[in-house]
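There are 2 protein chains.
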Amino acid sequence: MSLKKPYLLYIGDAPDRLAVKMAQGVLDWRPDWCLAQMRRGGTDIRLDLPEMTPQQAADAGAGTLVVGVVNAGGVMPDPWVADLIDAMEAGLDLAAGMHVRLRSLPGVAEAAERLGRTLTDLRVPDRKFATGKGTKRAGKRLLTVGTDCSVGKKYAALALEQGLRAAGASADFRATGQTGRLIAERGAAIDAVPADFISGAVEWLSPANDDPDHWDVIEGQGSLFHPSFAGVTLGLLHGAQPDRFVVCHEPTRTNMRGVANPLPTIGQVIDATILLGRLTNPDIAPAGICMNTAALSEDEARATIDVLASEYQLPATDPIRFGVDAIVAEVLR
Amino acid sequence: MSLKKPYLLYIGDAPDRLAVKMAQGVLDWRPDWCLAQMRRGGTDIRLDLPEMTPQQAADAGAGTLVVGVVNAGGVMPDPWVADLIDAMEAGLDLAAGMHVRLRSLPGVAEAAERLGRTLTDLRVPDRKFATGKGTKRAGKRLLTVGTDCSVGKKYAALALEQGLRAAGASADFRATGQTGRLIAERGAAIDAVPADFISGAVEWLSPANDDPDHWDVIEGQGSLFHPSFAGVTLGLLHGAQPDRFVVCHEPTRTNMRGVANPLPTIGQVIDATILLGRLTNPDIAPAGICMNTAALSEDEARATIDVLASEYQLPATDPIRFGVDAIVAEVLR
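Residue numbers (my numbering), protein chains in the order written: chain A, 359 to 691; chain B, 359 to 691.
For the record, the hints were derived by calculation from the structure and aren't laboratory data. Take the hints with a grain of salt, since some may be wrong.
Because identical chains cannot be distinguished in the list, a pair is counted as satisfied if it fits within a single copy or across any two copies.
Stated by the list, open to error - Under the rule of at most 30 Å between Cα atoms (straight-line distance), these lysine-lysine pairs were calculated in the BS3-like manner:
(1) 498 to 486
(2) 379 to 491
(3) 362 to 491
Please construct the entire structure, taking both the sequences and the accompanying hints into account.
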């Protein structure tokens, strides 16, 4: 999978920063691919990019409008659909990461056909998967897991890929969500796979590796403690059969995202991940803790991390703020 | 959902009895709906029904050919597809429970359109679901869980619906698979729902009930210990938020179906179900054990059941052979 670059990142009238995490993700990890943003009136959210219309972006060389915002309720508002058609008229392909297919939006398939544009649904599986087998595959695997959704599992995995490579190890980030797939240009959004094939899809995206010392760094999804998505998380854990896992956490979060449940502790996540992960890898063990401390001062962040490292006797860090050297050292030990 | 009755049950060249469990299921629980079977050369498997061609079945009043066999690898052999088209030519509608849609088979959609026949895919979701909320719903719920796939969770749930009703309680079987849906004519095959919506689909199919003493008896799927399908099982457990659960087991099974993993013990299933089920129902508790003892003599069956009842201090039975009175009494206690 490869989209025409660079991108115009569409964020519509996003209500908050979490709503634009797909746009922010590709901008943070593939800044060279991102040319401009396009907003609608009514949002204060912005990326660190110039604002352009589709025509301005196309004139400046853009290849694809990427819908980088979550649409509430899974329904795309009519004005957004009109913007997408304008973008195709201006010469841009479209990519999006919703459960609903781009071609099912009114007028989009017809415009794409008439104008010869490509529609890419990053979240919709573009292949069939087998059911999981659960048998051991060659090579090593690290999975990021979380106390909740949206706590930094993808950023931690991407930082660990970079860190392992910088330390001379062979490593590949394996995307399991639409934003990861946008960044890696491969992988599968496992939350959109038919439920029977969750672990099978993960076995496909992290296949046996000829190099026994190669690390697949697999992006986690959801949380074993999230009542909406724990099934996805467990199927991912079984398919990933990780040798090591890193727990990701956002210290200011008080409730599981979107539901009433309280957050589990990091210790509960470690215990549950080992208990359930042993089914496909009896040697599963934690390798560290990655905190998203963006809401804390640097002093608060360091203090929080030190407490956790001591409490759990594991390397702890904010992967973006302080790097992942200690976790990489633990993984390669 | 309602199919034209009675049915011609198609079992193709099924390799073994587990392959025809969909046909056997509707015959066991809805015998009045089943008129005849249709086989292909090469199988010794048969149902307790007369053999008919589609034309003979149509002449005898059949309304629908139901594909009652699992097709290896998810690909339907060409001769089977030819049989389906013959059946439509003879006047029959089609129903099937595969991941692949009937209309995607070569020539099937065209024949259905030309002849005015209805195609029903029992496994394919016919609606969109919301993500699970995890909040408590009114009414009571019982879930059947298992040491493995295909150990009798659906039969146990159907027997418990009957038993609860016979004891004067209000109870409804809630189907979560294609065979259950064929029997109940409602529900959803949750293993075919996009992974994000497993628990949400279960919340939909077992909604809040105005009667606080009403029991939804929810059909279990897979096993928390099956490396291919545990994600489905966990999402189902969280969506079902059961007050009570019944563990189903097949005592001659040595390996998890289709994979190399050993079977868990009933005690492991009880512990894991309570540990993980507490997330959406802190009061979850076991109510009994249902054994499929078809492979045992009656004496062996009684002895096996007595040992389990004593070991786990729970009512134990073979729901088909010995009834479910003891479990019903425990549930209504």
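We went through each hint and held it up to the structure:
For the identical chains of this complex, residue 498 and residue 486 are intra-copy neighbours only, at 25 Å inside a copy versus 38 Å across copies, given an alpha-carbon limit of 30 Å. Taking the shortest alpha-carbon separations for residue 379 and residue 491, only the inter-copy value of 22 Å comes in at or below 30 Å, while the best intra-copy value is 33 Å. In this assembly of identical chains, residue 362 and residue 491 lie within 30 Å of each other by CA distance neither inside one copy nor across copies; the values are 36 Å within and 38 Å between.
Going down the numbered hints, you'll see the structure goes against just number 3.
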